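A.B. asks: Based on the sequences and whatever the hints tell you, model everything.
The opening residue of the sequence shown carries number 33 in the numbering used here; numbering runs sequentially from there.
Since the hints were derived computationally from the structure, they do not count as laboratory data. These numbers come from a predicted model, not from an experiment. Among the hints, erroneous ones may be present.
Unchecked claim - Heads up, simulated DSS-like pairs for lysine-lysine below, C-alpha to C-alpha not over 30 Å straight-line: (1) Lys132 x Lys102; (2) Lys132 x Lys44; (3) Lys88 x Lys102; (4) Lys44 x Lys102; (5) Lys44 x Lys88; (6) Lys102 x Lys205; (7) Lys205 x Lys247; (8) Lys247 x Lys132.
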Amino acid sequence: MNPIPELSPLLKQLRLSGILDSLEARNRQAVDSHLAYTEFLALLIQDEVARREQTKLQSRLRRASFRSQKTLEGFDFDRLPQLNRSLVHDLATGRYIEEKVAVLIAGPCGTGKSHLAQALGHGAVRQGYDVLFSTQTQLLGSLHGARATGSYERRFQQLARVDLLIIDDFGLKPLRPPQDEDFHDLIAERYERTATILTSNLDFGEWGDAFPANKMLGAATLDRLRHAAYRVVLDGDSFRAPRPMPDTPKPSLAKGGKTTHS
33 MNPIPELSPL LKQLRLSGIL DSLEARNRQA VDSHLAYTEF LALLIQDEVA
83 RREQTKLQSR LRRASFRSQK TLEGFDFDRL PQLNRSLVHD LATGRYIEEK
133 VAVLIAGPCG TGKSHLAQAL GHGAVRQGYD VLFSTQTQLL GSLHGARATG
183 SYERRFQQLA RVDLLIIDDF GLKPLRPPQD EDFHDLIAER YERTATILTS
233 NLDFGEWGDA FPANKMLGAA TLDRLRHAAY RVVLDGDSFR APRPMPDTPK
283 PSLAKGGKTT HS
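C.D. replies: Next up, the structure:
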């Protein structure tokens, strides 16, 4: 007698689809390998746990809103010989998240800042952390929109509580009121509670220029970000350097600019 048809609706009712998907194959394995009942059961439970972990991982990846699937394995370290590789690989362990500090990444356009930030974010997601990736413009725009609809506090708390918040292109546009206040309040709320990654085209000494309307507010914000932060400098040529145009032969013309006819 094959018990699988009878078990299928029960497993669905219990939401054990991981076991359901592998039950037939595991049953054959148990028979062929003469497994004990407990060994057979352990394999089924492992399948269910693996399915649930994969589902959670995919959910965290969707919520993270990464632009693309960037990883450290795909990062071209050779183009940046001055980059502190040991620091980057240390950051990849996620220790900074446990320490609840910031990672500040600076460098010219096209040197891989967003790639590196997203790669660290992907690693954090796979380590079980909730991550959100956003540009400075998108982040502050979402708070502005939430304020207009009366949901500012809820959105603010979502941003404040996420394990790792990645803010790309900090300082690309100057922060004007009330954006500078929103940004300060968010950083202050996250300070020593959660981890934050910022990328910027500005040199570290120029980050205060992002707050042209209120230098004191900027100083208070940056003071919190810099406290115990890890700093990463990417200094090199742009990855986005244009490809050379291929040589195209010019059409030959007869005298007087008229084409010849055979």
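A.B. asks: For each hint, tell me whether it holds in the structure or not.
C.D. replies: Against the structure, the hints come out as follows:
Note on Lys132 and Lys102: the hinted pairing holds, with a Cα-Cα distance of about 23 Å set against a maximum of 30 Å. Proximity of Lys132 to Lys44 is assessed by CA-CA distance (about 40 Å); at most 30 Å being required, the pair is judged violated. Distance hint between Lys88 and Lys102 is fulfilled; the C-alpha atoms sit about 19 Å from each other, no more than 30 Å. Distance hint between Lys44 and Lys102 is unfulfilled; the C-alpha atoms sit about 36 Å from each other, more than 30 Å.
Restraint check: the Cα-Cα separation between Lys44 and Lys88 comes to about 19 Å, which is no more than 30 Å; the hinted pair holds. Proposed proximity of Lys102 and Lys205 is supported: the alpha carbons are some 25 Å apart, at most 30 Å. A C-alpha spacing of about 15 Å is found between Lys205 and Lys247, which places the hinted pair at or below 30 Å, so the restraint holds. As the CA atoms of Lys247 and Lys132 are separated by approximately 26 Å, the hinted pair is consistent with the 30 Å bound.
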